[in-house]
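Asker: Residue numbers (our numbering), protein chains in the order written: chain G, 9 to 388; chain A, 4 to 407.
The hints are simulated quantities; they were obtained by calculation from the structure and are not laboratory data.
In this text, a Cβ means the ideal position worked out from N, Cα and C, and glycines have one as well.
Hints are supplied without guarantee of correctness; some may be wrong.
[As the list claims (entries may be wrong)] Derived, one-sided and incomplete: chain G residues facing chain A with beta-carbon distance under 8 Å:
1. F12
2. T145
3. A269
4. R304
5. S320
6. L372
7. I373
8. L379
[Claimed, not checked] Think about it this way: if two alpha-carbon atoms lie no more than 20 Å apart in a straight line, the pair counts; the simulated SDA-like pairs of lysine to any residue are:
9. G:K280 - A:L393
10. G:K272 - A:P402
11. A:K348 - G:G290
12. G:K280 - A:E401
13. G:K280 - A:I54
14. G:K192 - G:V155
15. A:K348 - G:Q282
16. G:K272 - A:V405
17. A:K296 - G:L379
18. G:K272 - A:K348
19. A:K348 - G:F286
20. G:K280 - A:G404
21. G:K30 - A:P402
22. A:K348 - G:F331
[Claimed, not checked] Chain G is nowhere near these chain A residues, computed Cβ spacing over 12 Å in every case:
23. G39
24. W45
25. G53
26. C211
27. Y283
28. R319
29. P363
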Amino acid sequence: MVSFQPTEDEQAFVDLARDFAKERIRPLARECEQEGRVHPELVKKIEEVGFASLELPESWGGLEMPLISQVQILEALSSGDLGVVQGLPGAGDAASLFRFIPDHPLLASYKEAGQKGTWPTVAFLHAAEGEIPQGVTITSADETGYVLNGTSQPVRLAAFADYLLVSAVDSQGETLLLWLDRQKGNRWQAEAGDYRLGLLASGCARIRFDEEKISSDQVLAKGDEAKDLLAKALRRIQVLEASKEIGLMDAAVSYVTEYTAQRKAFGQEIAKFQGVSFTLAGMAIETQAMRHLVLRAAADIDGDKGEVAASSTLGRVHRALRFVSDSGVQLLGGHGYVQEFPVEKWMRDAEAQTLLYGREGELLIQRGEQLLDRKVPIEV
Amino acid sequence: MISFQLSDHQQQVKEIVHWFAENEMRPISMEADRLGKVPDEWLERINQLGIQLSTSSFGGDKQKSGSGEKKKTERQGNRLAVIASEELGWGDPAIALTLPGPGLGGPPVQSSGTPEQKERFLSIFSRDEPPRWGAYALTEPDAGSDVSGIRTTAKKVEGGYVLNGQKIFITNGGRASWVVVFATIDRSLGRAGHRAFVVEKGTPGFSCTRLAHKMGIRASETAELLFEDCFVPDENLLGGEEYYQAKASGPSGFRVAMKTFDNTRPIVASMAIGIARAAYEYTLDLVRREYPKQGSFYHRASELLADAELDIEAARLLTWEAAWKADIGQPNAKEAAMCKAYAGKIALDVCAKCLELLGPIGLEQHIVEKLYRDAKIFDIFEGTNQIQHLVTARQLYEPHGVRV
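Whole structure, please, built from the sequences with the hints as guidance.
Answerer: So, in C-alpha cells, the structure goes:
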C-alpha cells in the first residue's frame with residue numbers, strides 16, 4: 009500500500025536528529041568550518057547517540073539500518089549543517105562496503121578498533137571509474153602484489169584517515185578493492201590543498217602514493233566480485249549523499265521562509281512580493297520532489313530491486329541543491345552574501361558537495377545508458 | 004511505514020485502467036484529435052460498459068475522516084483515483100476528460116451538496132441510460148485565476164435565483180446534463196457573496212454559445228456558456244440556504260470552489276504524469292530500436308531520458324502524497340498545489356525533451372507531438388502554475404502569520 013507515513017521508530021529517531029541538528033550542530037557550524045574539523049566534543053556526542061554507526065553492520069556493533077530509515081535521519085541531521093555532517097570522522101562512505109563483507113578477515117582489525125565506541129577514520133578513494141584520469145595508477149608488481157603511484161583528486165576525510173579503501177582498475181583491466189592500514193605499514197601522504205569553496209571541515213585532501221607496495225593479501229575483492237561489491241556500495245553511497253543534500257535544502261527553505269516573513273521593504277514583508285514568494289514555493293516544491301526521489305531509491309534498494317535509479321537521483325538532487333542553495337542566498341539579498349547569515353555557507357558547501365560526489369550529467373548518463381541498453385524484445 | 008509498493012487492489016486498478024487506455028483509447032486517439040471530438044458511438048459503447056470519469060472520491064473522504072472518527076480500514080479512494088487517472092492520461096487526456104460522468108462537477112456536489120442534491124444529480128450516471136456528463140463552470144472572460152472576481156450575478160427572486168453572465172473554458176459544458184455554476188449575489192460582498200448553483204441542461208436562458216478551438220486536447224469539448232435571465236430554483240443552490248447561513252462568516256461559493264481544487268488538482272496532475280509517461284515510453288522505445296548506440300547523440304539521449312524518468316517519478320510521488328493525505332484525512336491544499344505545479348510543468352518539459360530526441364520525424368504522425376500540445380493545458384487549467392506557487396507560498400507563510 010502506498011504510504012508516506014514513517015514508522016514510530018523512524019519518527020522518534022528523526023525527531024532526535026532534528027533537535028540535535030538545531031541545538032548542537034547549527035550553533036557550531038561556523039566554528040567547525042574555521043577550525044577545519046568537527047569539534048571533538050560534538051563528534052563524541054554524535055557517536056554517543058549512535059548517528060555515526062547507522063550504516064555499519066550489526067555484528068560490528070552498528071545499527072545496520074534499512075536505507076529508508078537512514079535517509080530520513082541523515083536528512084534531519086544535515087539540516088543542522090552539511091559541512092559538519094561531512095566532516096564526521098569514522099567509517100564514512102566505506103561503511104556501505106563493510107555492510108556487504110562484515111566478516112572479511114582484512115577488516116577484523118578495523119572492527120576491533122571500533123569496539124571502544126569510536127570508529128577510526130576511513131577515506132574512500134574511488135579511482136575505478138570515469139573517463140577522466142583519477143591520478144592514481146596501479147600496476148601488478150609481480151604475482152604477489154601491486155604498486156600504487158600518483159596523486160589522487162581531492163577525497164573527503166583523507167586528511168583524517170588512518171585507513172584507506174581504494175577502488176582501482178589495474179593495468180590488466182581488472183577491478184580491485186584494496187584495504188590500506190597505516191598501522192600495518194602502508195604509507196601515503198594526505199596533501200590538503202588551499203580549499204576555500206566549502207565543506208572545509210570535511211578533511212578533503214589529495215592522496216599521494218610513492219611506489220606503495222600492496223601485497224595481494226590486502227585485496228578485499230577483485231574482478232567481478234569487486235565490481236559487484238562496488239556497484240552495490242556505490243548506489244547506497246549515492247542515495248545517502250543525496251539525503252544529506254536534502255537536509256541542506258530543507259534548512260534553506262525553513263530559514264528563508266522565516267527570514268522573508270519578517271524582513272520588510274517598501275513598507276511590507278518581502279514575502280508579499282511574488283518574486284520572493286514564488287521563488288520560495290519553487291524551492292519548497294523542488295525539495296519535496298527530491299525528498300521523494302531519495303526515499304523511493306532507498307526503498308528500491310532495501311527491497312532488492314535489481315535496477316535502481318540511484319546515480320540519476322543523486323545527479324538530479326545535485327541540480328536541485330544548486331538551485332535551492334543559490335535561491336536561499338538570493339532571497340536574503342546582500343545579507344545572503346555575508347557570513348553573519350548561514351545561507352552563503354550552505355551555498356558554498358552545496359557546490360563543494362556536488363564536486364565531490366559526481367557530475368550531474370555523468371550521473372544521469374549512467375542511468376540513461378541502463379535504460380537504453382535494456383534488451384529490446386524482437387517482434388516476430 | 005513509508006512504501007511505494009502498490010497494494011493488490013491498487014495494482015489491479017492500474018492494470019485494468021491501463022488495459023482500457025491501451026486497447027480502447029489509444030486506437031482512436033489520433034483520429035479523435037483530427038475530428039476534434041470523441042466519436043458518439045464510442046462514448047455510447049463505453050458508457051454501456053459502465054466506464055465513467057469520476058473525481059468525487061476526494062471530497063467525501065476528507066469530510067468523514069476530518070471529524071476525528073476512528074477508521075477501521077484505511078481509505079484509499081484518493082490513491083486509487085490518481086493511479087487510475089495516470090493511466091487515462093497515458094491513454095489520451097482529451098478522451099479521458101470526455102468520458103461520461105460528473106467530471107469536475109462531481110466533487111463540489113459530493114462535498115457541498117445536500118443529501119437530496121447528491122441523489123438527484125449524481126444518480127443520473129448509469130450504464131443503463133445514455134451517456135451523461137456533469138460540468139464545472141467557474142472561469143469567466145474577466146475572472147480566471149482570480150476566482151473572487153467573478154461577475155456572473157445571481158439575483159434572489161421568489162422560489163429561486165436569476166442568473167446572468169458568461170462562462171468560458173468549460174469542459175463538457177455543451178453536452179453536460181448539469182453544470183455547477185459559480186455566481187455572486189452581491190459583488191460588494193466579495194467572496195462571501197459567492198454561491199454555487201447546479202444549472203440543468205434545457206433550463207430557459209441557459210445556452211452553449213461556442214466551442215473553443217484549441218492547441219491540444221482537441222477531442223475534449225471546451226464550451227462557452229451564456230446565462231440570460233436564467234431562473235434556477237432554490238433547490239438547486241448547492242448545499243441549500245442553510246449551508247450559507249450556518250455561520251455569519253460561514254462557507255461561501257468561493258470556499259466550495261477552492262475545496263474542489265484541493266480535490267481535483269491531484270487528479271489533473273496525475274493525468275499530466277500519464278501524458279509525460281506516454282511520451283517518455285514512446286521515445287525510449289524508439290531511440291532503443293532505431294538510434295545509434297554510441298556517440299554524442301547516444302549520450303545526449305541517455306541524459307535526457309534519465310532526467311525524464313525522474314521528472315515523471317518525482318511528479319508521481321508528489322501526487323501520491325497529496326492523495327495519501329486526503330485518504331488519511333489530513334489537509335492537503337499545499338501538497339495538491341505542489342503536485343499540480345510540478346506535474347504540469349514536467350509534462351511539457353518531458354514532451355519537449357522527447358521531441359528533441361525525435362527531431363524532424365516528430366512532426367509526422369508520432370503521438371509525441373500530440374502529447375506535447377495536450378500537455379500544455381495541464382500547466383494552466385485547474386489553476387495555473389503561478390497560482391499553484393501562490394497557494395504553496397500561502398501555506399508556507401501561514402505559520403509565520405503572513406498572508407501573501
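Asker: Now look at each hint and say whether the structure bears it out.
Answerer: Going down the list of hints, with the structure as the test:
Because the closest C-beta pair between F12 of chain G and chain A is about 5 Å apart, less than 8 Å, the hint holds. At about 26 Å, the closest approach between the beta carbon of T145 of chain G and any beta carbon in chain A exceeds 8 Å, and the interface hint on this residue is violated. Interface hint status for A269 of chain G: upheld, as the beta-carbon distance to the closest one in chain A is roughly 4 Å, under 8 Å. At its closest, the beta carbon of R304 of chain G sits 6 Å from a beta carbon of chain A; the interface hint therefore holds under the 8 Å criterion.
A least Cβ separation of about 4 Å between S320 of chain G and chain A falls short of the 8 Å threshold, and the interface hint therefore holds. The restraint placing L372 of chain G at the interface with chain A holds, with a minimum CB-CB distance near 4 Å, inside the 8 Å limit. Because the beta carbon of I373 of chain G sits about 5 Å from the nearest beta carbon in chain A, less than 8 Å, this interface hint is met. A least Cβ separation of about 6 Å between L379 of chain G and chain A falls short of the 8 Å threshold, and the interface hint therefore holds.
A threshold of 20 Å between alpha carbons decides the hint, and for K280 of chain G with L393 of chain A the separation of about 10 Å falls inside it, so the pair holds. Restraint check for K272 of chain G and P402 of chain A: satisfied, since their Cα atoms lie roughly 17 Å apart, inside the 20 Å limit. For the hint pairing K348 of chain A with G290 of chain G, the CA-to-CA distance comes to about 12 Å; that is within 20 Å, so the pair holds. With a C-alpha separation of about 12 Å, the suggested pair K280 of chain G and E401 of chain A falls inside the 20 Å cut-off, and the hint holds.
Between K280 of chain G and I54 of chain A the alpha-carbon distance is near 46 Å, which puts this suggested pair outside the 20 Å criterion. At roughly 16 Å between alpha-carbon atoms, K192 of chain G and V155 of chain G fall within 20 Å of each other, so this suggested pair holds. Distance restraint check for K348 of chain A and Q282 of chain G: the Cα-Cα separation of roughly 19 Å lies within the 20 Å cut-off, and the hinted pair is therefore satisfied. The straight-line distance between the Cα atoms of K272 of chain G and V405 of chain A is roughly 12 Å, inside the 20 Å bound, and the hint therefore holds.
A C-alpha spacing of about 12 Å is found between K296 of chain A and L379 of chain G, which places the hinted pair at or below 20 Å, so the restraint holds. The suggested pairing of K272 of chain G with K348 of chain A is violated, with an alpha-carbon distance near 31 Å, which exceeds 20 Å. Distance hint between K348 of chain A and F286 of chain G is fulfilled; the C-alpha atoms sit about 14 Å from each other, no more than 20 Å. Distance restraint check for K280 of chain G and G404 of chain A: the Cα-Cα separation of roughly 12 Å lies within the 20 Å cut-off, and the hinted pair is therefore satisfied.
Between the alpha carbons of K30 of chain G and P402 of chain A the distance comes to roughly 19 Å, so the proposed pair stays at or under 20 Å and holds. Taken as a hint, the K348 of chain A and F331 of chain G pair is honoured in the structure, with Cα atoms around 16 Å apart against an allowance of 20 Å. Listed as outside the interface, G39 of chain A is consistent with that label: its C-beta sits roughly 33 Å from the nearest C-beta of chain G, beyond the 12 Å cut-off. For W45 of chain A, the non-interface assignment is confirmed: its Cβ lies about 28 Å from the closest Cβ of chain G, beyond the 12 Å cut-off.
For G53 of chain A, the shortest C-beta to C-beta distance to chain G comes to about 26 Å, beyond the 12 Å cut-off, and the non-interface label holds. Listed as a non-interface residue, C211 of chain A keeps its Cβ farther than 12 Å from every Cβ of chain G; the least gap is roughly 36 Å. Taking the minimum C-beta to C-beta distance to chain G, about 10 Å, the non-interface status of Y283 of chain A is violated against the 12 Å cut. Annotated as non-interface, R319 of chain A brings its C-beta within 12 Å of a C-beta of chain G; the closest such distance is 9 Å.
Under the 12 Å C-beta cut-off, the non-interface status given to P363 of chain A relative to chain G holds; the minimum distance is some 21 Å.
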